[in-house]
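Engineer: Each chain is listed here by its residues.
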Amino acid sequence: MGNVERVDRTLPLNQMIFHVRRDADLRRRWREDFEGLAREFGLSAQEVDAVKAADVRRLNDMGVHQYYVSQILRLSFGAAGASNAHPAVEAFRRAYPEHEG
Amino acid sequence: MARIVAAMAATHAPGLTGWFDQAPEADRKMVREGYGELRRRLEAARPDVLLMLSNDHLLNWPINNVPDYTVGIGDEHVGPADWFDEWLALPKYRVKGRPDLARTIVREGAHHGIMFAYLTRLELDDGISVPLHYLTPEMQIPLVPITLNCTVPPIPSSERAYRLGQVLRDIVTTRWPAEERVAVVATGGLSHEPGGPRYLKVDEAFDRWFLACLAEGDHARIVRECTVDRMEAAGSGGTAELLAWIAALPFTVGPAEVLGYAPTFAWRTGTGFAAWPRTI
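Note that the protein sequences, when read in sequence, are chains A and B. Going by this note's numbering, the first residue of the first sequence is number 4, and it counts up by one from there. Going by this note's numbering, the first residue of the second sequence is number 6, and it counts up by one from there.
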């Protein structure tokens, strides 16, 4: 199996992102009170730090589902016009330069 | 009993609507022609119902409880889900459902060894929205959406996806009394790894091999050789969306026509189209 095999389904961040994607009010809180929201969902300090740093490699390594990693980047950098020059995609290029192209 | 009047498969990459202009003109032309030909064939088949097989992008179920297969049983479907508005750059749309067929699938699935999850309000992501945009922009054909889990291990095997297709075929053609015309559309793939280390890679060799297998038309070989492991090796968490294409095979007879392919880096997905001239 590939990278998805590394997912930790019990990771609180994997629960939190599901609800945030489906609720505009939670998305507002993600922007305005991320740490408060993270506490309510029981995120660890490591999860909070990785999200705030938009650290793609660390998020993947800790067991965030890889699809949700891309969603976290969209929350950080916006979703419109997600070409390969978009900041959310550039973060992947920086994280895995060995896999480009 | 119902008849299968068309079977086809297509990529649903969000870039096909969200950042379409970022790809080379040759790739854009291939998509316009590929989806255009599928639309022409779909309209010529005059279906009463569209049975669409796709995958859920972790939108409809929390990751603590992910069913293998989900049926949308609502009277009406509304998309795209709000979270996908900017991503897909598509306007909101409404399309009628067919709860009579959808609920028959859920009920009869139990007698065929398949536990279908179902939702009255299935949130529609790129997997349904992008194909509908290209195939039925007027949203005139009632829809039964069925999603597969293609990204949370354990991902159903190719054998199980093929079995899913057999069960759906048998329910639609023998257990549902309506004398109606049903079109089957599978969406997903080809190679891609959304959010993984190889997000910026496409496996052209795998894609061309898979499409050649479809053109050969040997279902047993496809199920035997196009394993989840092989799809995962070609791009984790995304390539296995081709399970929806495999689930469409039991509705078909013989070779598929491959209507186009491009390894489109700009859309971070192998992009391709196929249709089966003969259905069961």
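In short, the hints are calculated from the structure, not lab data. Errors might be hidden in some of the hints.
[What the hints assert, rightly or not] Result set (EDC-like, lysine to aspartate or glutamate): computed pairs, CA atoms no more than 20 Å apart in a straight line:
{"hint": "1", "chain 1": "B", "residue 1": "K206", "chain 2": "A", "residue 2": "E43"}
{"hint": "2", "chain 1": "B", "residue 1": "K101", "chain 2": "B", "residue 2": "D73"}
{"hint": "3", "chain 1": "B", "residue 1": "K206", "chain 2": "A", "residue 2": "E93"}
{"hint": "4", "chain 1": "B", "residue 1": "K97", "chain 2": "A", "residue 2": "E93"}
{"hint": "5", "chain 1": "B", "residue 1": "K97", "chain 2": "B", "residue 2": "E81"}
{"hint": "6", "chain 1": "B", "residue 1": "K206", "chain 2": "A", "residue 2": "E101"}
{"hint": "7", "chain 1": "B", "residue 1": "K97", "chain 2": "B", "residue 2": "D87"}
{"hint": "8", "chain 1": "B", "residue 1": "K206", "chain 2": "A", "residue 2": "D26"}
[To be verified] Just a sample of chain A residues kept apart from chain B, beta carbon distances all over 10 Å, derived:
{"hint": "9", "residue": "N6"}
{"hint": "10", "residue": "V10"}
{"hint": "11", "residue": "T13"}
{"hint": "12", "residue": "R25"}
{"hint": "13", "residue": "E35"}
{"hint": "14", "residue": "S47"}
{"hint": "15", "residue": "A48"}
{"hint": "16", "residue": "D52"}
{"hint": "17", "residue": "A57"}
{"hint": "18", "residue": "R77"}
{"hint": "19", "residue": "G81"}
{"hint": "20", "residue": "V92"}
{"hint": "21", "residue": "A98"}
[Unchecked claim] Distance windows between CB atoms, simulated:
{"hint": "22", "chain 1": "B", "residue 1": "E143", "chain 2": "A", "residue 2": "A56", "range": "39 to 47 Å"}
{"hint": "23", "chain 1": "B", "residue 1": "R186", "chain 2": "A", "residue 2": "G45", "range": "46 to 54 Å"}
{"hint": "24", "chain 1": "A", "residue 1": "D52", "chain 2": "B", "residue 2": "D223", "range": "50 to 58 Å"}
{"hint": "25", "chain 1": "B", "residue 1": "A220", "chain 2": "A", "residue 2": "D52", "range": "44 to 52 Å"}
{"hint": "26", "chain 1": "B", "residue 1": "R51", "chain 2": "A", "residue 2": "E43", "range": "48 to 56 Å"}
On a predicted model such as this, the values are computed, not experimentally measured, just so you know. Note that the Cβ used here is the ideal one computed from N, Cα and C, for glycine as well.
Engineer: Check the following: the C-beta atoms of B:E143 and A:A56 are separated by a distance inside 39 to 47 Å.
Structural biologist: Holds: the Cβ-Cβ distance is about 46 Å, inside 39 to 47 Å.
Engineer: B:K206 and A:E43 were given as a pair; does the straight-line alpha-carbon distance stay at or below 20 Å?
Structural biologist: violated, 37 Å
Engineer: Would the least Cβ to Cβ distance between A:E35 and chain B come out above 10 Å?
Structural biologist: Non-interface label on A:E35 holds, nearest chain B Cβ at 18 Å vs cutoff 10 Å.
Engineer: Could you let me know if the closest chain B CB is still more than 10 Å away from the CB of A:N6?
Structural biologist: Violated, because the least Cβ-Cβ distance between A:N6 and chain B comes to about 4 Å, which does not exceed 10 Å.
Engineer: Beyond 10 Å from every chain B Cβ: check whether that's true for A:D52.
Structural biologist: holds, 19 Å
Engineer: Determine whether the Cβ-Cβ distance between B:R186 and A:G45 falls within the hinted range of 46 to 54 Å.
Structural biologist: Because 51 Å falls inside the window, the suggested range holds.
Engineer: Evaluate the condition: distance from the CB of A:R77 to the nearest CB of chain B exceeds 10 Å.
Structural biologist: violated, 7 Å
Engineer: Tell me if the straight-line CA distance from B:K206 to A:D26 falls inside 20 Å.
Structural biologist: Roughly 31 Å between the alpha carbons, so the hint for B:K206 and A:D26 is violated.
Engineer: Does A:T13 really sit off the interface, with its C-beta more than 10 Å from all C-beta atoms of chain B?
Structural biologist: violated, 8 Å
Engineer: So does A:D52 sit 50 to 58 Å from B:D223, Cβ to Cβ?
Structural biologist: holds, 51 Å
Engineer: Between B:K101 and B:D73, does the CA-CA distance stay at or below 20 Å?
Structural biologist: violated, 24 Å
Engineer: Tell me if the straight-line CA distance from B:K206 to A:E93 falls inside 20 Å.
Structural biologist: holds, 14 Å
In terms of the numbered hints stated before, the structure departs from hints 1, 2, 4, 8, 9, 10, 11, 12, 18, 19, 20 and 21, listed from lowest to highest.
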